[in-house]
Amino acid sequence: MELKLSPAEQAFAADVRTFIRDNLPPDIAGRVRRGEHLGKDDHMRWQQILGRHGWHAFTWPQEHGGPGWSVVQRYLFEVISAEMDCPIIQPFGPRMAGPVIYTFGTPEQKERFLPGIRQSTVWWCQGYSEPQSGSDLASLATRADDAGDHYVVNGQKIWTSYAHHADWMFCLVRTAREERPQQGISFLLIDMTSPGITVKPILMLEGTHSFNAVFFDNVRVPKNNRIGEEGRGWTYAKFLLEHERVDNAAIGVTKQALSQVKAIAAAERDGDTPLIDDPLFQAKLIAVEAQLMSLEMAALRVLSQVASGASPGPVSSLLKIRGTEVAQRISELGMEATAYYALPYQPGLIAGQSNEEPIGPDYAVTAANNYFWRRCMSIYGGSNEIQRNIIAKAMLGL
Amino acid sequence: MELKLSPAEQAFAADVRTFIRDNLPPDIAGRVRRGEHLGKDDHMRWQQILGRHGWHAFTWPQEHGGPGWSVVQRYLFEVISAEMDCPIIQPFGPRMAGPVIYTFGTPEQKERFLPGIRQSTVWWCQGYSEPQSGSDLASLATRADDAGDHYVVNGQKIWTSYAHHADWMFCLVRTAREERPQQGISFLLIDMTSPGITVKPILMLEGTHSFNAVFFDNVRVPKNNRIGEEGRGWTYAKFLLEHERVDNAAIGVTKQALSQVKAIAAAERDGDTPLIDDPLFQAKLIAVEAQLMSLEMAALRVLSQVASGASPGPVSSLLKIRGTEVAQRISELGMEATAYYALPYQPGLIAGQSNEEPIGPDYAVTAANNYFWRRCMSIYGGSNEIQRNIIAKAMLGL
Amino acid sequence: MDLEYSTEQSLLRDSVERFVRDDYAFQARQKILANGGFSAPHWTTFAELGWLGIPFAEEDGGFGGSAVDLAVIMEGVGRGLVLEPFLPTIMAGGLIAAAASSAQKQAWLTPLIAGECKLAVAFAEPQSRYDLADCTTRAAATGAGWRLEGRKCVVVGGKIADAFIVVARTSGDRRDRTGLSLFLVPADADGLTVRRYDTNDGQGAADLELAGVALGPDALLGPDGAALDPLERAVDGATAAVAAEAVGAMAALCDATLAYLKVRKQFGKPLGSNQALQHRMVDMVIALEEARSAALAASLSMTEDDAAARSRAISLAKIEIGRTATKVGQEAVQLHGAMGVTDELDVGHYFKRLTIIATSFGNADWHIRRVAALDAATRRSAPEQPAPGRTAA
Amino acid sequence: MDLEYSTEQSLLRDSVERFVRDDYAFQARQKILANGGFSAPHWTTFAELGWLGIPFAEEDGGFGGSAVDLAVIMEGVGRGLVLEPFLPTIMAGGLIAAAASSAQKQAWLTPLIAGECKLAVAFAEPQSRYDLADCTTRAAATGAGWRLEGRKCVVVGGKIADAFIVVARTSGDRRDRTGLSLFLVPADADGLTVRRYDTNDGQGAADLELAGVALGPDALLGPDGAALDPLERAVDGATAAVAAEAVGAMAALCDATLAYLKVRKQFGKPLGSNQALQHRMVDMVIALEEARSAALAASLSMTEDDAAARSRAISLAKIEIGRTATKVGQEAVQLHGAMGVTDELDVGHYFKRLTIIATSFGNADWHIRRVAALDAATRRSAPEQPAPGRTAA
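Chains R, V, P and W, in that order, give the protein sequences.
Everything in the first sequence is counted per full-length UniProt numbering, starting at 1 for the first residue and increasing by one.
Everything in the second sequence is counted per full-length UniProt numbering, starting at 1 for the first residue and increasing by one.
Everything in the third sequence is counted per full-length UniProt numbering, starting at 1 for the first residue and increasing by one.
Everything in the fourth sequence is counted per full-length UniProt numbering, starting at 1 for the first residue and increasing by one.
Derived by calculation from the structure, the hints in this document are not laboratory data.
Certain hints may be false.
FRET-style restraints, in silico, Cβ to Cβ [said to hold, decoys possible]:
no., chain 1, residue 1, chain 2, residue 2, range
1, P, G145, W, R175, 56 to 62 Å
2, R, D272, W, E8, 52 to 58 Å
3, W, R21, R, D22, 54 to 60 Å
4, W, S381, V, K4, 53 to 59 Å
5, R, K223, P, E344, 35 to 41 Å
6, W, N35, V, G196, 35 to 41 Å
7, W, A34, R, D272, 56 to 62 Å
8, V, Q62, P, S6, 27 to 33 Å
9, R, E2, W, S15, 20 to 26 Å
10, W, D346, V, R180, 35 to 41 Å
11, P, G36, R, P61, 52 to 58 Å
12, R, S308, W, T45, 31 to 37 Å
With a straight-line cut-off of 30 Å between C-alpha atoms, the simulated BS3-like cross-links for lysine-lysine are [as the list claims (entries may be wrong)]:
no., chain 1, residue 1, chain 2, residue 2
13, V, K4, V, K284
14, V, K238, W, K262
15, R, K393, W, K262
16, W, K262, W, K31
17, P, K269, R, K393
18, P, K327, V, K393
19, W, K327, V, K284
20, V, K238, W, K269
21, V, K238, V, K223
22, R, K200, P, K269
We treat Cβ as the ideally placed atom computed from N, Cα and C, and that holds for glycine.
If we strip away everything but chain R, and leave its shape as in the complex, we get:
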């Protein structure tokens, strides 16, 4: 057992650092560092740079055009990317649509869709949640009626992240009513430019726009855009959910967030004392760092098991729960560090679309915003309550 990196792993890490240093546009890095709400262009520019280098679909095996990295390499790539202020790679294409397509898709589907994901020329979104089926995903009601060579889709999705940027959606629809709600669900790929699709923004509590409601009014979807068999969509969706939870631990991003809060606390003065030397604030920072260290080790242990061929299983729920809680806690400390400067609300600066002067210190502009925004982490991707149900049932047999 050995925590240290092997020479090959060290060389890999050095490569990643060099590539990012030479290729990450400084304006994008600045926006990430300041915690601004990134635009579509910011994401696409960086993802296409990675795509041209073969690193956008960095979790993919070589046979599908990925780099075929080991779990340790993937981990290093994520942590270094976060450390160096890269935008998070949007998961909808390379982490979600991609693996489903290359695992369950037809050769034609692979040929048609995988290159755009690898190159990040196409923005994908995820059509899962519906107004009446929050955590109870299987109760979805969006209907796809058989019309010969195509389906006619009617219904509504909600909480669809970045649907307003998206070219394509992978989507769960009901093609039949069966006894168990999990049956009769199919997995469709839908062109977002199809007639009959309306995207309406849902503003978040802190004022930004990430989520949407998507309405389907007699939308025609060719049957060859269906993944796998009709009625077996739940299987493909479940395959994804487990992988998503491991990702949700998001160790790299959280470590970077902690460094930033430490930097804020070093800059803030309480009287003549830097806040980071205030015993109580310091204690909270150290307590959360201790928890983050455990979490990182837990994630590495899971990766190590995955590398030996085991499925992550319900432990991924555990990482999702704690990963989101720790990230939220860090954002809370960041807000607390700014004292009264948590109050000013400067949406133009938060969106990076204004040159106005910050009211308080630079780092305070997004501090409260970031805290508010992160409350959604324990809700999305299957709420933390649902994750606890999963652990109770699948892992503990309760």
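Position chains V, P and W against the provided structure of chain R, taking the given hints into account.
Just chains V, P and W, lined up with the frame of chain R:
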């Protein structure tokens, strides 16, 4: 609205202080202050002193021989008693058996049992819990079979506090099997010297003896020892439980416990700094004091409502939950304050039955013990989980 | 001891609740927010209902109410997420009532009570965090009065205040406890730049740049150099007031969450049938009751003559308010699921206001330090209490 | 990077688990406790299985194992609530291995590995709390060797130790980081009074009174006055070891609680069908996994060359162990209801041991302060990191 005491209340408080100062035996006060496990004699001596003064049954109305105090007076008496290191008055007679007897008993029962409770010449215990009915009290199985002028009782009670000291038990037994488990329960008063009763000690995790198992093997109980109607015992038991929960907030004792932990923290040195000046320990003390201040105000609000004739209702569950949690937290800080001196285990000193030298500082002898013991507070009197169920159902309609 | 509302207090509570219910439903509130966070008709209503005069003495034209009366209104302010700068104005009025000459009262307090002017207190500075004595803004006596130089920040209510009470130093150094004075500064004073801005909780605030602001001799409020005590009292009073406001907001969140748990269905049954969520709802309600008790303790402590005892009680209460506001706010959002993190539901707005309350007038850490400092001072002046050991018996 | 057990480690784990299962069931353990907390046959078994030699170099007669190997054993020690002073002896052996001459090794380490002597390290003093440098026990050089005066307290394992490694000051003042030395002191040395006593967790301890204890020159272990570094390393190693022990105890509590929830019926259904209890059981399991990760991080950090980095990782891990041990212990007791607070069930005994672990080798507050001090030293020596603001972009 006014928090300050009226002149009459101030005069009352002064009376209480004077009486305790003049009458509390110093050896007993010392044992209370040191957190030792008190013996029967300690309790009885003090309770009989109070009884002779008419203050043992201090919550009783004058018509039953109590002092007829207002809720504020009762509260002051409890807080001052705790502050001055009086033993806690054992509730089984004056707070439990007494009110049930004077509310539901016959004139003969009142005449027979109330004087011994007022004078504290008789030790009572509570026969509720059974091995298969923990928090689910109504599922009790101890049977009382009708045998003409008496019942024949068979079965087992458990967690019976101080049954080994007790002269009498008030006891729930099953006199009939009905559809709802709450039906068919009767409330009996049982002479603990009756043939067929066996009391077996259950040692607590910290080594002291408070709890017992009580076995009934064909115990004869005269029918005129039954309270109220046959089969309606559940009604009388429920009447008690609500009152018990308000008592369980135990503000006075908890405030005194906090003072003692502060005194320990002032005496402990970390390097040259008293522990009470250590920012982290201090912060924990202040945080729990803030919570205790809220709790006291909440208890006063409930008392104020009770004084205006309202029933405490489910709010008493809330006081029980938080009152026990706060008391546990304070005991945890007391243990933490003693660092390595939490380790030595000196049962003779804890029981006040030894003159050996304490290994560490005096105050460390009972510190860990006290923490261990107090874990039972969130379990007894209806576990805090059951209290949450009660609030959810009765107060929130969930 | 008596912890029941008087008849007058019950009537006041009813009138506040009626206003919030009838005139301050969430949609109406959002409209006011979109219009800059202030409704002139509402302000007139506040004056007409007497709210703006509640805490002031009858001889000053007020109603001689107590901190508990103010808390009754503030609980409604919290329940309705009221945006108008009620508390900043009352807080400024309190300083005027405590320190001003009768001419100054006539000039400022009378119109304030009549609803004709809105004030705000400028105490914080960019470097000060929560330390009221950490003041670098300076006021120098000139022949004709005073001249102010410096910067004040995050003046809540400052977005629409007609005038400010500015804390400035007439002597001493940054963080000295003496040498602070209060000045009445009209928003349109020469040399004063007011940067008005929105805040995360919708209340609106301003930063002030004072570049040689020239004021007459009557701008000085109270004795020169002795402002810290009344300022601490005013901030303690405002802390008790936001504690009550937080109770109102938490009560609204508990109601909303409980209703949602009963109505929203998942997996074919109401969310509220999940015992895990029931227990969390119970913990929210317990926190609300603790907050209510803490807020009451805070208001009642404002009659305390001993400033140290008052500040200690206020700090303990604020620690509790911080803890409970954070817990109730976070849990209400979480139990509402995705709806809870949207702008369109009121839940997120309550959450944001509670977050800001927790961080205002000192966060929990700051109040812990204040209690610790007060206790250390007490220990130094009092004989040591014996530890509860054998030898002390 | 590689986080899988080696084949040898898997075998070791199996052998430890077998011993605990077959020879250390709770009733057997209680019998050992009643007999003074030590079973000579078990000690022989430890020696035969090689556990007493695990962390020592092969040239010293050990097996050259790592901190991870030791952790594998300690997890079993925790699962079985093993009473014999395994860790105190190993910890003392580590100091000998690190500092002793080859003659001293022959005299002490060889019999230790063979199971012929039990040692304990006497570092704490009545006033020291967790500060290893806070040492007032003095050792003065005499013509014939050394003379020790002072008092050591709560020497875990001291109840049945054959000899002690005593930390004493050969120069400097209380709390100086230099001037500490290590001495081998047989339990029957003249002038040494050993007060042996039971502890709340059953491990047994002793206080030492050293009244002019005269020792030969070969009693000094390692260089005069330079003991703090190896002592800190030994305590860090012991901290990693009790972290693993805590994991074993927490795992046992999780297993017991889960089994109880499945078996115990209330209101006509298993306790475990209550969702509120399910979620709390899940939180216990999450805490266990966090503890397991923290303990692993601690063991792996023992190969770290930089003492500050090692200590920092150990402290972070101990903070986590403290938090999780408290949580799992308290919750296991609570979910067992009244059974959980009795002496007859194993749950209370695990809880007590976990409580003591949380308070041993520094509690959470102490380790937070240690990390803070290490970080402050780093900040002083490193250029300031820019805050993540606009201007720094």
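Violating hint indices (sorted, rising): none
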